[in-house]
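**Q** Next come the chains, spelled out residue by residue.
There are 2 protein chains.
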Amino acid sequence: MKIVKGLPSTSQDDYQLNITTLIRHAARNFGGQEIVTKMPDRLFRYTYEDAYERIKRLANTLEGLEIKAGDRVGVLEWNTYRHYELFFGIPGTGAVLLQLNLRLAPSDLIYIINHAEAQLIFVDETLIPVAEAVAPELKTVKGYIIVTDKKLSDIETKLSPVYSYEDLLEKAKPEYNWSMLDERSVYAACYTTGTTGKPKGVYYSHRDVYMHTMQITIAFELTQRDCFLQMTPMFHAMGWGTPQAATLAGAKLLLPGRYTAQDMGPIIALMIQEKVTASDGAPAIWMPMLEHIRGVKEKPNLKGVQLICGASEPPIAMMKGFHELTGAEIVHSYGATETTPLITVNRAKPWLEDKLSQEEKWDLNRKQGLTLTGLDVKLVDPKGKELPQDGKSAGEVLVRGPWVTASYYNAPGTESQFSVDGYWRSGDIGTLDTEGYLKLTDRVKDVIKSGGEWISSVDMENEIMGHPGVLEATVVGVPHPKWEERPLPLVVLREESKGKVTKEDIIDHLGKRFAKWQLPDEVKFVDIIPKTSVGKFDKKVIRGQYKDVYMRE
Amino acid sequence: MKIVKGLPSTSQDDYQLNITTLIRHAARNFGGQEIVTKMPDRLFRYTYEDAYERIKRLANTLEGLEIKAGDRVGVLEWNTYRHYELFFGIPGTGAVLLQLNLRLAPSDLIYIINHAEAQLIFVDETLIPVAEAVAPELKTVKGYIIVTDKKLSDIETKLSPVYSYEDLLEKAKPEYNWSMLDERSVYAACYTTGTTGKPKGVYYSHRDVYMHTMQITIAFELTQRDCFLQMTPMFHAMGWGTPQAATLAGAKLLLPGRYTAQDMGPIIALMIQEKVTASDGAPAIWMPMLEHIRGVKEKPNLKGVQLICGASEPPIAMMKGFHELTGAEIVHSYGATETTPLITVNRAKPWLEDKLSQEEKWDLNRKQGLTLTGLDVKLVDPKGKELPQDGKSAGEVLVRGPWVTASYYNAPGTESQFSVDGYWRSGDIGTLDTEGYLKLTDRVKDVIKSGGEWISSVDMENEIMGHPGVLEATVVGVPHPKWEERPLPLVVLREESKGKVTKEDIIDHLGKRFAKWQLPDEVKFVDIIPKTSVGKFDKKVIRGQYKDVYMRE
Numbered sequence: 021m022k023i024v025k026g027l028p029s030t031s032q033d034d035y036q037l038n039i040t041t042l043i044r045h046a047a048r049n050f051g052g053q054e055i056v057t058k059m060p061d062r063l064f065r066y067t068y069e070d071a072y073e074r075i076k077r078l079a080n081t082l083e084g085l086e087i088k089a090g091d092r093v094g095v096l097e098w099n100t101y102r103h104y105e106l107f108f109g110i111p112g113t114g115a116v117l118l119q120l121n122l123r124l125a126p127s128d129l130i131y132i133i134n135h136a137e138a139q140l141i142f143v144d145e146t147l148i149p150v151a152e153a154v155a156p157e158l159k160t161v162k163g164y165i166i167v168t169d170k171k172l173s174d175i176e177t178k179l180s181p182v183y184s185y186e187d188l189l190e191k192a193k194p195e196y197n198w199s200m201l202d203e204r205s206v207y208a209a210c211y212t213t214g215t216t217g218k219p220k221g222v223y224y225s226h227r228d229v230y231m232h233t234m235q236i237t238i239a240f241e242l243t244q245r246d247c248f249l250q251m252t253p254m255f256h257a258m259g260w261g262t263p264q265a266a267t268l269a270g271a272k273l274l275l276p277g278r279y280t281a282q283d284m285g286p287i288i289a290l291m292i293q294e295k296v297t298a299s300d301g302a303p304a305i306w307m308p309m310l311e312h313i314r315g316v317k318e319k320p321n322l323k324g325v326q327l328i329c330g331a332s333e334p335p336i337a338m339m340k341g342f343h344e345l346t347g348a349e350i351v352h353s354y355g356a357t358e359t360t361p362l363i364t365v366n367r368a369k370p371w372l373e374d375k376l377s378q379e380e381k382w383d384l385n386r387k388q389g390l391t392l393t394g395l396d397v398k399l400v401d402p403k404g405k406e407l408p409q410d411g412k413s414a415g416e417v418l419v420r421g422p423w424v425t426a427s428y429y430n431a432p433g434t435e436s437q438f439s440v441d442g443y444w445r446s447g448d449i450g451t452l453d454t455e456g457y458l459k460l461t462d463r464v465k466d467v468i469k470s471g472g473e474w475i476s477s478v479d480m481e482n483e484i485m486g487h488p489g490v491l492e493a494t495v496v497g498v499p500h501p502k503w504e505e506r507p508l509p510l511v512v513l514r515e516e517s518k519g520k521v522t523k524e525d526i527i528d529h530l531g532k533r534f535a536k537w538q539l540p541d542e543v544k545f546v547d548i549i550p551k552t553s554v555g556k557f558d559k560k561v562i563r564g565q566y567k568d569v570y571m572r573e
Numbered sequence: 021m022k023i024v025k026g027l028p029s030t031s032q033d034d035y036q037l038n039i040t041t042l043i044r045h046a047a048r049n050f051g052g053q054e055i056v057t058k059m060p061d062r063l064f065r066y067t068y069e070d071a072y073e074r075i076k077r078l079a080n081t082l083e084g085l086e087i088k089a090g091d092r093v094g095v096l097e098w099n100t101y102r103h104y105e106l107f108f109g110i111p112g113t114g115a116v117l118l119q120l121n122l123r124l125a126p127s128d129l130i131y132i133i134n135h136a137e138a139q140l141i142f143v144d145e146t147l148i149p150v151a152e153a154v155a156p157e158l159k160t161v162k163g164y165i166i167v168t169d170k171k172l173s174d175i176e177t178k179l180s181p182v183y184s185y186e187d188l189l190e191k192a193k194p195e196y197n198w199s200m201l202d203e204r205s206v207y208a209a210c211y212t213t214g215t216t217g218k219p220k221g222v223y224y225s226h227r228d229v230y231m232h233t234m235q236i237t238i239a240f241e242l243t244q245r246d247c248f249l250q251m252t253p254m255f256h257a258m259g260w261g262t263p264q265a266a267t268l269a270g271a272k273l274l275l276p277g278r279y280t281a282q283d284m285g286p287i288i289a290l291m292i293q294e295k296v297t298a299s300d301g302a303p304a305i306w307m308p309m310l311e312h313i314r315g316v317k318e319k320p321n322l323k324g325v326q327l328i329c330g331a332s333e334p335p336i337a338m339m340k341g342f343h344e345l346t347g348a349e350i351v352h353s354y355g356a357t358e359t360t361p362l363i364t365v366n367r368a369k370p371w372l373e374d375k376l377s378q379e380e381k382w383d384l385n386r387k388q389g390l391t392l393t394g395l396d397v398k399l400v401d402p403k404g405k406e407l408p409q410d411g412k413s414a415g416e417v418l419v420r421g422p423w424v425t426a427s428y429y430n431a432p433g434t435e436s437q438f439s440v441d442g443y444w445r446s447g448d449i450g451t452l453d454t455e456g457y458l459k460l461t462d463r464v465k466d467v468i469k470s471g472g473e474w475i476s477s478v479d480m481e482n483e484i485m486g487h488p489g490v491l492e493a494t495v496v497g498v499p500h501p502k503w504e505e506r507p508l509p510l511v512v513l514r515e516e517s518k519g520k521v522t523k524e525d526i527i528d529h530l531g532k533r534f535a536k537w538q539l540p541d542e543v544k545f546v547d548i549i550p551k552t553s554v555g556k557f558d559k560k561v562i563r564g565q566y567k568d569v570y571m572r573e
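Chain order of the listed sequences is A and B.
Its first residue numbered 21, the first sequence is counted upward by one per residue in the numbering used here.
Its first residue numbered 21, the second sequence is counted upward by one per residue in the numbering used here.
Accuracy of the hints is not assured; some may be wrong.
It does not matter which identical chain is meant; a pair holds if it fits inside one copy or across any two.
[Stated by the list, open to error] List time: in silico SDA-like cross-link candidates among lysine to any residue, alpha-carbon distance up to 25 angstroms:
| no. | residue 1 | residue 2 |
| --- | --- | --- |
| 1 | K25 | A431 |
| 2 | K22 | R48 |
| 3 | K520 | A89 |
| 4 | K193 | D396 |
| 5 | K567 | I527 |
| 6 | K162 | K398 |
Just so you know, these hints were derived from the structure itself, not from any lab.
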């Protein structure tokens, strides 16, 4: 990318974008605003000002442990106020916040920690077994800091040496003189765990996260009057950047601690009690929440609440369900670990809304949305030729901008995922309409190639999930002797529909929107659909399990 | 400022922040949103998409006229859609948008244009006389582009050579391949015209304006559901950055064209008709608007409208007047040419509001507000020692951050206005309270030094303006043989109060809030108070006129 120089400015262009600025200024401007954490036995409440003092103590602690600028520091923790402190205290010293997905297989965790050469790991007391399972294989870690309310002497662990987070903070000075960090320095690192190959590291700069934070604050319209419930795990691409955005906006931050999708009642009660106005999560969270709500007599009033929904397309039934039962609106968004992560957010345009029918609005809501200002997107065909943005031409989505990664960290052989002109190749297939809305139709690797034509596995999934008897469904392409591939749906029925909804019902239902040649020949009813650690359908595993379905014919 | 380097990131840190991105992406995301201009004879309506096409034509035009990256291009224009186009088209090519205040004295305009070495000047047809008055003295200008609906042959002017803006755009190609500009390149230049010395140039980088745009979009909470009325002249520090912020937010933009403070009826009618939700301007605009509203029988309903009010403290009477008569809220803000310009915006904190009485809330609203996230502020005493932020200690306000200037352009001898540690010295005296609210008490040069103590000229002005018979008032310190200086108020009475309100009434009124030794000995009733070209009280002129008042005693 050639860069043209104009006249040098008189501005303070050397003032660096540092994420520490966000918490420094939140403590100054919104010091009294609350951060509330749901702990196992109580709600823990404190303020941005309180958090900031502990963050300064944390920075002193890290210096005391000889962590230097550029060093990597791992974190195994739930969504708590202490995790929030680590989000600022570690990178504020110039060190790298290495996010560790506590649900990964030990082999992946070992690979990531060793690849990142982490010096130190913060471990929640309840996650000590996870750390212990990998500790013997770790090559660079020189200590573990246990995050707990208990005394260190009451903790039993094979980890060594260990420190107590609270003891260290208590001993540390509450004042810290932040350095100004080169904005190109790494703020945090996150590893993608795709279905193929080794985990790949994305090492986000302070500049990257700062720009992302500002833009998503604008896109989500967060203000100090909001209460943001951080449902997305903070180890998933920095919790999608919303803890930082809440800090910039001065919003109240509500952290749910450890929770499971199976136990949504307490979360919903908390949303009502703390007056939540916005939250973010994957359908893997919102679907069980809606199921819970369907099952209770008194529906929670969530009018005006925006539930940001990322990772995959929210089924219309889910959007309608929340709207009708609670008043909450699902706001569809799209992103990836490689893009910090937000790429698009679905917002209805006031001047467009008047022209659309109710059904057209729902259809619009299903799209991935408008690309955030600051990011360039384009669609290309398999040969790399740019396609028109006409709402019809489907191509791979390419993205470029300040919060997009330019490479993976120390990962020779991955260069092909970046196009020659500076764009990241998302691996997603989509269309862009003339209003700028992106619609994903498939993954490059999941699209079903049948008789020289493409069938969108995602469109078919969504259509099936619109059937009233269906709880969850996925569609994969499996080998076929004549057509190369044919679609195969896997369907989980609702309890009350089991044994009643048939294969023919599903195919008839699909017949309303799909051409006859696109319809599946087979439907598999299952109790559970294999998923990846981040809750996506694991299509690689499914394709493996059913690879012979049509070959046997 | 020492900068510490951490680990180099994998992010696209080379992707430059260019203001062109804002209009490119507005055309993509909000293409159908309107920009409406009040022309002398009609409303001109078009969309961001339309604007973007003309901006591309403009960029081609500039290339055709051999304007290169770094060249300076002057603009003499009202708040119109064509001015908006110049805001993006000129800097998009890498050239510098040189803002020319059409109200300046010819000697200042000549100085600025020659100092900036402008190559080309865009001139509104109605401002040809302004350009003609300075043209013979200009050393580097090689042409004038007349902004008009008329044919060039119908325009009479001594300017030469001249071109027609519309002709050039019509002939130019509608496609333009934007270069990526080094973000430290100048976007626009603006000259401050203080009351002393030559005008001083602030040359804002793209990075500076981009960061400012993002932060004020957040601070003003602008969205695509807003309609923003651009009252602040676009030649005043880039119209305070709100044309760019509206573009980022996708807000409808309403441009009032040429208007005068004496004729507010049509502007108010437009606000109602176009459903304005936000606007910005100085008290020099809002005061006459409120006066107009006081005089009409049917009060306009402006409920929910935020009127951003900068440049000096809004009198409480004005805030209450708008609130009570129209429902609009005055949002006090503070800035300077040297800071792009926004430094603070006054927002009430929800968790604080419950604790305050109605009168305390009004008192809070009078403060300059909270420093925008991203800017550092501190208060220092005359020796440069930092003062506590206790709401009492008054010191000079120092500011640092990405949208603060580090120097004046080619201006030897002005270095003393920048402190050794990278802060700009505002010349304002203020306090910061424990909640972070800045309150200005005076200008360093205007504070009244009486018997070794300070009297705030601003506080006294505001107290006088709270008197029901007073339309406008200012207070200056004038020499006194015994006390060094003593306060002297100049008061403009309302028409109906003339001859009724006396000097003793004013002094009695002040006695409620000021100590006896602070009270003025004299009050001057005048018909008009001298003002600078930007509408501030010209205290230098006033002090000169009245320097003998107390010396004669």
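**Q** Between K193 and D396, at a C-alpha cutoff of 25 angstroms, which is it: within one copy, between copies, both, or neither?
**A** The answer is between: 23 angstroms across copies meets 25 angstroms, while 45 angstroms in one copy does not.
**Q** Given identical chains, is K162 near K398, meaning Cα to Cα at most 25 angstroms, within a copy, between copies, both, or neither?
**A** Close neither inside one copy (45 angstroms) nor across copies (40 angstroms); limit 25 angstroms.
**Q** One pair to classify: K567 and I527, alpha carbons no more than 25 angstroms apart. Within, between, both, or neither?
**A** Close inside one copy (20 angstroms), not across copies (94 angstroms); limit 25 angstroms.
**Q** Between the shortest in-copy and the shortest cross-copy C-alpha distance, which are at most 25 angstroms for K520 and A89: within, between, both, or neither?
**A** Neither way: K520 and A89 sit 62 angstroms apart in one copy and 71 angstroms across, limit 25 angstroms.
**Q** Go through the copies and call it for K22 and R48: within, between, both or neither, with a Cα cutoff of 25 angstroms.
**A** between (40 angstroms within a copy, 23 angstroms between copies)
**Q** Can you tell me if K25 and A431 fall within 25 angstroms by alpha carbon in one copy, between copies, both or neither?
**A** Classified as between: cross-chain Cα gap 22 angstroms, same-chain 32 angstroms, threshold 25 angstroms.
Violated hints, in rising order: 3 and 6; the structure is consistent with all others.
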